[in-house]
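Can you make the complete structure from the sequences, with help from the hints?
Counting from 5, one number per residue, gives the positions in the sequence shown under the working numbering.
Just so you know, these hints were derived from the structure itself, not from any lab.
Just so it is clear, CB atoms sit at the ideal spot from N, CA and C, and this is done for glycine as well.
Check the hints yourself; a few may be wrong.
[As the list claims (entries may be wrong)] Label-pair ranges, simulated between beta-carbon atoms: (1) Gln40 to Pro108: 21 to 29 Å; (2) Gly94 to Asp19: 33 to 41 Å; (3) Gly91 to Arg135: 35 to 43 Å; (4) Val81 to Gly138: 32 to 40 Å; (5) Gly134 to His45: 17 to 25 Å; (6) Ser88 to Gly134: 32 to 40 Å; (7) Ser147 to Pro108: 17 to 25 Å; (8) Thr126 to Cys36: 18 to 26 Å; (9) Pro108 to Leu44: 42 to 50 Å; (10) Gly118 to Ala9: 15 to 23 Å; (11) Asp19 to Asp122: 27 to 35 Å; (12) Thr117 to Pro137: 39 to 47 Å; (13) Glu100 to Gly134: 36 to 44 Å.
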Amino acid sequence: MSTVAFSRLIEAPADELWRVFTDLPARPRWLCQVDQVEVLHPAGPPTETGLPTETGLPTETGLSTETGRSTYSGFGVGTVWRESRTGPDGTVMAEEFAVQEATPPRRLVVSSTGNGVDYLTTYTFAPVPGRRPGRHRTVVTVSHQGVPTARYGRLLAVIFGGLAARAGEGALRRDLADLATATGPDRRGPAVAA
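Next comes the structure, spelled out in structure tokens:
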């Protein structure tokens, strides 16, 4: 089993980080390595007005026409989505994620499986008191564990474990850097507009 853990201080309140991070349809707009997100099973019906939509599925853009902010609310335990990413070498990879635990806006646990390994990633969002009034900061901690499930998975873990852990850590660190940019003072994209 390999575990990678690290933290990052982000200049934004925990509830804002949670809202942006769990807004699945908006992820390709702020995660630089994510090309596409497909929600396979929402936890609840997404809404624009607080009422269920006719289909119960996310709108194509997931944005309110009035505010430009995301209205996706189908996130919670049981949510499953597929995320397509372009790796540093240009390879496109798709991975499915499932929410195992969601305690807004403090803790999120997601699982995924790939190449004979089960992954469990835990995100915690811990508010840090600001020294100035109105300043909100949050320490986001990521713990990513990989457990080989198949014989070849255990063999691959022995051979490539360190390399895979470093690659996974690099992608997770990039995601947190993108989250900091999307929610910080120089926000970008309509999904995070105030």
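| Those earlier numbered hints the structure runs against, lowest number first | 5, 9
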